[in-house]
Amino acid sequence: MIGALSLLLVFQLIGEVIARAFNWPIPGPVIGMGLLFVTLILRDGPDEELHRTTGHLLQHLSLLFVPAGVGVMLYFQLMADAWLPLAVSLVVSTFITIAVTALVLRVLIRHPAAREK
Amino acid sequence: MPSRLTEIWVYLAASPLFGLTLTLLAYQGAFWLYRRTGSHPLANPVMLAVAMLVSILWITGTPYRSYFDGAQFVHFLLGPATVALAIPLHAQFRRLRAMALPLLVALVAGSLTAALSAVAVGYWLGASKAVLLSLAPKSVTTPIAMGIAERIGGLPSLTAVLVIITGILGAVGARYVYQALRIEDQATRGFALGIASHGIGTARAFQESEQAGAFAALAMGLNGLVTAALLPLVMAWLGRWLY
Chain C
1 MIGALSLLLV FQLIGEVIAR AFNWPIPGPV IGMGLLFVTL ILRDGPDEEL HRTTGHLLQH
61 LSLLFVPAGV GVMLYFQLMA DAWLPLAVSL VVSTFITIAV TALVLRVLIR HPAAREK
Chain B
118 MPSRLTEIWV YLAASPLFGL TLTLLAYQGA FWLYRRTGSH PLANPVMLAV AMLVSILWIT
178 GTPYRSYFDG AQFVHFLLGP ATVALAIPLH AQFRRLRAMA LPLLVALVAG SLTAALSAVA
238 VGYWLGASKA VLLSLAPKSV TTPIAMGIAE RIGGLPSLTA VLVIITGILG AVGARYVYQA
298 LRIEDQATRG FALGIASHGI GTARAFQESE QAGAFAALAM GLNGLVTAAL LPLVMAWLGR
358 WLY
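First to last, the protein sequences are chains C and B.
With the first letter of the first sequence counted as 1, position 83 gets the number 83 in the working numbering; the numbers rise by one all the way through.
When you read off a place in the second sequence, starting at 1, and then add 117, the result is the number in the working numbering.
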């Protein structure tokens, strides 16, 4: 548990350092995720402890969104001012994104060149 | 007695213990409700917990800043949790390689569609620059979306809220889009939902099937990476035309 958490924090720290050192637009934890992903491929998967700890952490992923979500109270005015563009934009964009992604994938999977397994 | 109570309240409201305890209790209450409704997408636990907490803070006149003094301990875990997404991503590595090319093209198409369509509609309806920049990363999982919003000059807290709404919209509406387009392949259904609606869409996809869920998780992780890499460049380029 402690070992796995330390590992995650170390990867996050490395990611933050890289993001700042090279002034990259990618958030530090995302770089950490990429580095851990590559490490897992090279080392043939996570060990038992890392697997279990991340399982616990990701199981309650939605809890971690709550404090930031409560921050909406700071933006009530802004949301009220822009409710129409926000509402229409979110609905239209979400459905178009699902449709475009699914259609592109369907066309490409049917294409014989992409069918080697 | 009332003055004594007020004293205790003033102490509690200023202590980090208050924000932290309240966050955990509200989330557990929300999760209980979510289960009771048979995991109905409209009873999303994040949305319910946020609604409860905002009401409590508003009624008691507690500023967000003093709430966040305690809640930041939960918030902090978003970082290591983002790193932890590498594990489910790795679990899909073999399938990922087998379908690499179609997935990659669909990923880039979906990632760009999500940001550009949101910005285009928002711009057309007269949203401000700060709102447009907060809208752009709305299809990406929250920790990444907030990081991107911060980088490109949006408001991370507003983005976090828009991300949650986007997640719920996708989880509720995807089935109707698939019905209309006659999309039946589970991998495709999961992947598209993960691209558009990140973790909340992924949870919904897992209810449909194991395969849909796996591809949604994959899409969510990859979309985080691709959007984080592409969006700052796209928005910098778009910025010259829009404002």
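Simulated from the structure, these hints should not be mistaken for lab results.
Think of the CB as a built atom: it goes at the ideal place given N, C-alpha and C, for glycine as much as any other residue.
Heads up, a few of these hints could be off.
The following label-pair restraints were derived from C-beta to C-beta distances [to be verified]:
| id | chain 1 | residue 1 | chain 2 | residue 2 | range |
| --- | --- | --- | --- | --- | --- |
| 1 | C | Thr-39 | B | Thr-123 | 16 to 26 Å |
| 2 | B | Ala-215 | C | Arg-43 | 20 to 30 Å |
| 3 | B | Leu-242 | C | Arg-43 | 27 to 37 Å |
| 4 | B | Ser-156 | C | Glu-48 | 21 to 31 Å |
| 5 | B | Thr-123 | C | Met-79 | 27 to 37 Å |
| 6 | C | Gln-59 | B | Leu-221 | 20 to 30 Å |
| 7 | C | Glu-49 | B | Gly-270 | 24 to 34 Å |
| 8 | C | Val-107 | B | Pro-133 | 44 to 54 Å |
| 9 | B | Phe-210 | C | Glu-49 | 17 to 27 Å |
| 10 | C | Ala-21 | B | Leu-350 | 33 to 43 Å |
| 11 | C | Ile-2 | B | Leu-142 | 25 to 35 Å |
| 12 | C | Val-92 | B | Gly-270 | 17 to 27 Å |
| 13 | B | Leu-129 | C | Leu-42 | 46 to 56 Å |
Against the structure, the hints come out as follows:
1. Thr-39/C <-> Thr-123/B: 16 to 26 Å: violated (54 Å)
2. Ala-215/B <-> Arg-43/C: 20 to 30 Å: Holds, since Ala-215/B and Arg-43/C (Cβ atoms, about 22 Å apart) stay within the stated range.
3. Leu-242/B <-> Arg-43/C: 27 to 37 Å: With a Cβ separation near 49 Å, Leu-242/B and Arg-43/C fall outside 27 to 37 Å, so the hint is violated.
4. Ser-156/B <-> Glu-48/C: 21 to 31 Å: holds (29 Å)
5. Thr-123/B <-> Met-79/C: 27 to 37 Å: About 32 Å separates the Cβ atoms of Thr-123/B and Met-79/C, which means 27 to 37 Å holds.
6. Gln-59/C <-> Leu-221/B: 20 to 30 Å: holds (29 Å)
7. Glu-49/C <-> Gly-270/B: 24 to 34 Å: violated (40 Å)
8. Val-107/C <-> Pro-133/B: 44 to 54 Å: holds (53 Å)
9. Phe-210/B <-> Glu-49/C: 17 to 27 Å: holds (20 Å)
10. Ala-21/C <-> Leu-350/B: 33 to 43 Å: violated (19 Å)
11. Ile-2/C <-> Leu-142/B: 25 to 35 Å: holds (26 Å)
12. Val-92/C <-> Gly-270/B: 17 to 27 Å: For Gly-270/B against Val-92/C, whose Cβ atoms are near 23 Å apart, the range 17 to 27 Å holds.
13. Leu-129/B <-> Leu-42/C: 46 to 56 Å: Since Leu-129/B and Leu-42/C have Cβ atoms about 49 Å apart, the given range 46 to 56 Å holds.
The structure shown violates the earlier hints numbered 1, 3, 7 and 10.
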